[in-house]
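Peer 1: The chain contents come next:
2 protein chains.
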Amino acid sequence: MNDVIKYDIAIIGSGPAGLSAAIYAARGGLKTVVFEKGIMGGQITVTQEVENYPGFHKTLSGFELMDEMKKHADKFNTDYREEEVKGIGLQGLCKVIETNKGMYHAKTLIFATGAHPRKLNVPGEDKFYGKGVSYCATCDGVFYRDKAVAVVGGGDSAVEEAIFLTRFVKKVYLIHRRDKLRAVQIIQERAFNNPKIEIIWDSEVQEVNGDDFVTSITIYNKKLEKRSKVPVDGIFIYAGILPNNEIIESRIELDEAGFVKVNEDMHTNVPGIYAAGDIVSKKLRQVITAAADGAIAAWSAEKWITYHEDDDDTTEFATCEIPQKK
Amino acid sequence: MNDVIKYDIAIIGSGPAGLSAAIYAARGGLKTVVFEKGIMGGQITVTQEVENYPGFHKTLSGFELMDEMKKHADKFNTDYREEEVKGIGLQGLCKVIETNKGMYHAKTLIFATGAHPRKLNVPGEDKFYGKGVSYCATCDGVFYRDKAVAVVGGGDSAVEEAIFLTRFVKKVYLIHRRDKLRAVQIIQERAFNNPKIEIIWDSEVQEVNGDDFVTSITIYNKKLEKRSKVPVDGIFIYAGILPNNEIIESRIELDEAGFVKVNEDMHTNVPGIYAAGDIVSKKLRQVITAAADGAIAAWSAEKWITYHEDDDDTTEFATCEIPQKK
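Each protein sequence line maps, in turn, to chains A and B.
Note that the first sequence ends on residue 327 in my numbering; no numbers are left out.
Note that the second sequence ends on residue 327 in my numbering; no numbers are left out.
Note that these hints are calculated values from the structure, not bench results.
One or more hints might be untrue.
For identical chains, the list gives no copy identity; a pair is met inside one copy or between any two copies.
Under the rule of at most 27 Å between Cα atoms (straight-line distance), these lysine-lysine pairs were calculated in the DSS-like manner [to be verified]: (1) K172 to K120; (2) K227 to K262; (3) K283 to K224; (4) K76 to K230; (5) K76 to K59; (6) K148 to K283; (7) K283 to K223; (8) K128 to K148; (9) K132 to K87; (10) K304 to K102; (11) K230 to K283.
If you're wondering where the values come from, they're calculated on a predicted model, not measured in any experiment.
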């Protein structure tokens with residue numbers, strides 16, 4: 002085991018949470034690694050326009066923003082490994098990380114694996130992503146001023162965001178597959194009373210249509226057994242958000258939807274293991290909140306190491322053979 | 002009262018928390034105002050080098066960073082008022098804001114008034130701020146690589162940060178006015194066992210000395226009644242952090258130190274009143290965490306308005322005469 006590379010902190014995922022954690026950890030003097038199995042930057046990199054990361058007032062693409070963060074992490078000598086983490090093990094206080102390329106040891110670990118929206122899986126959904134298809138009204142609503150949009154879903158998020166969108170758009174079609182909404186009563190009433198919102202019941206989206214940009218959606222009314230086209234400039238899909246939790250260590254406590262529970266230090270229930278960003282059980286998932294999570298997690302991890310590192314024999318920690326402290 | 006200006010959201014303070022809240026609120030279609038009694042940008046503007054706000058990898062001054070955030074808020078038509086808030090009143094759900102120049106109504110309110118470090122109030126402290134005097138090792142520690150620094154204090158923060166600094170510096174003098182530390186036992190032991198840390202007991206800092214930059218501090222040992230000079234390149238002062246809570250509405254719950262308690266939505270115990278940034282009861286106070294707080298508070302405020310705004314008669318809300326909803 003002598004050739005195992007040992008880190009103070011291992012970060013899984015290179016989105017805003019992971020890279021922010023890396024900036025804080027590496028700048029804080031910790032030996033830091035980021036593992037990324039796919040594309041550097043995470044989910045946000047597929048976003049064409051980011052205009053709400055405070056300080057970047059010139060609209061840039063998600064990829065461009067993450068490229069700036071990556072340069073920032075590189076500045077402080079973060080190790081960046083394009084490897085897929087296959088599993089996590091614990092040996093006392095030490096974390097063992099197995100990837101498709103090797104084995105690593107770390108004193109602390111941050112899961113920054115993110116989340117992704119549940120798709121409708123209909124034709125046109127992927128093609129028009131960022132060109133009329135969105136999963137986040139907070140992010141993209143403002144781009145649809147005085148336009149017509151569809152919102153798909155019937156839960157709190159869908160109905161809240163339909164109402165939110167009426168701050169900008171001229172018309173919202175709220176498309177729900179059942180004949181009643183699941184959202185709480187008061188928010189349903191707000192939607193019913195909002196003159197800009199028209200609810201289309203018992204209907205599913207079958208296709209997203211357009212040229213360069215979305216121009217309409219094809220819906221199917223199950224009760225009437227009727228297909229029709231609704232002219233819209235955009236479609237906001239609220240079919241749920243799914244945590245990327247496949248490699249989350251089994252001892253880590255999750256909420257009902259599979260997101261990681263953390264305390265105010267971003268600490269999970271497992272000592273020395275943190276989570277940050279969209280994978281965390283929380284309400285608002287934005288670049289800025291993910292980046293803050295990452296900073297807090299890295300800062301907390303440094304403090305945790307200070308409290309748990311045995312000054313007499315730090316090598317024990319690093320070789321994953323340190324016994325649990327009393 | 003007809004000429005009172007009415008806002009959806011009033012933000013008090015224009016630091017990272019306040020401006021981020023403004024970006025999210027104004028971009029989210031809310032009529033937004035920021036009140037600032039002093040210099041735009043808050044506490045961070047006096048910082049010469051910020052290099053840990055993720056994405057800004059080219060080191061910039063606190064003022065420059067906040068100037069970018071101000072431009073960002075301006076882009077979405079935030080009202081910016083250089084007025085001192087004198088008091089806050091509540092009329093049902095509506096907030097009444099009295100400044101040195103007038104009276105305003107708002108549906109929601111965000112306190113982003115910040116905090117400030119307790120100073121030693123010794124000669125040289127202000128003169129060398131940013132030139133060797135710091136109140137934040139997380140922010141500035143990395144600038145003292147292989148140098149000698151003093152840390153002043155004896156609580157958890159002082160001792161933790163003294164240990165943190167040993168990741169960079171060659172020597173830390175921990176200067177404490179008593180003959181024992183207040184920090185928890187385990188962290189005291191870590192400090193005692195750290196070869197880079199020398200504790201100077203029973204001593205107070207009397208002066209910070211230097212030319213362009215700090216070169217030494219003058220300390221006074223109360224037991225020995227002896228004055229001496231300690232050669233250091235920097236001094237980190239941990240005498241406590243104080244909340245700027247003078248105008249916080251009296252019904253708002255504070256922690257023991259006077260910081261505002263909030264839930265995960267940054268909501269205080271008073272409906273529709275939020276807090277964000279350094280004024281919040283929390284551990285890590287950084288630009289990135291303040292900005293995230295602001296985004297969450299603004300997002301939460303928008304949802305709160307949606308839930309509480311009466312669609313039949315929104316004017317009642319705006320004129321501060323709406324009764325509390327059941």
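Peer 1: Take the hints in turn and mark each one as holding or not.
Peer 2: Structure-based check of each hint:
With identical chains, the CA atoms of K172 and K120 are at most 27 Å apart within one copy only, with a shortest distance of 23 Å there and 56 Å across copies. With identical chains, the CA atoms of K227 and K262 are never at most 27 Å apart, being 44 Å at best within one copy and 53 Å at best between copies. In this homomeric assembly, K283 and K224 never come within 27 Å of each other (Cα to Cα): the closest approach is 36 Å inside a single copy and 53 Å across copies. Taking the shortest Cα distances, K76 and K230 never come within 27 Å of each other, neither inside one copy (52 Å) nor across copies (36 Å).
With identical chains, the CA atoms of K76 and K59 are at most 27 Å apart both within one copy (23 Å) and between copies (9 Å). In this assembly of identical chains, the alpha carbons of K148 and K283 never lie at most 27 Å apart, being 31 Å within a copy and 41 Å across copies at closest. Taking CA atoms no more than 27 Å apart as the test, K283 paired with K223 passes in neither setting, with 34 Å inside one copy and 51 Å between copies. In this assembly of identical chains, K128 and K148 lie within 27 Å of each other by CA distance solely inside one copy; the values are 20 Å within and 56 Å between copies.
For the homomeric pair K132 and K87, neither the shortest alpha-carbon distance inside one copy (34 Å) nor that between copies (47 Å) is at most 27 Å. For the homomeric pair K304 and K102, neither the shortest alpha-carbon distance inside one copy (30 Å) nor that between copies (46 Å) is at most 27 Å. With identical chains, the CA atoms of K230 and K283 are never at most 27 Å apart, being 36 Å at best within one copy and 51 Å at best between copies.
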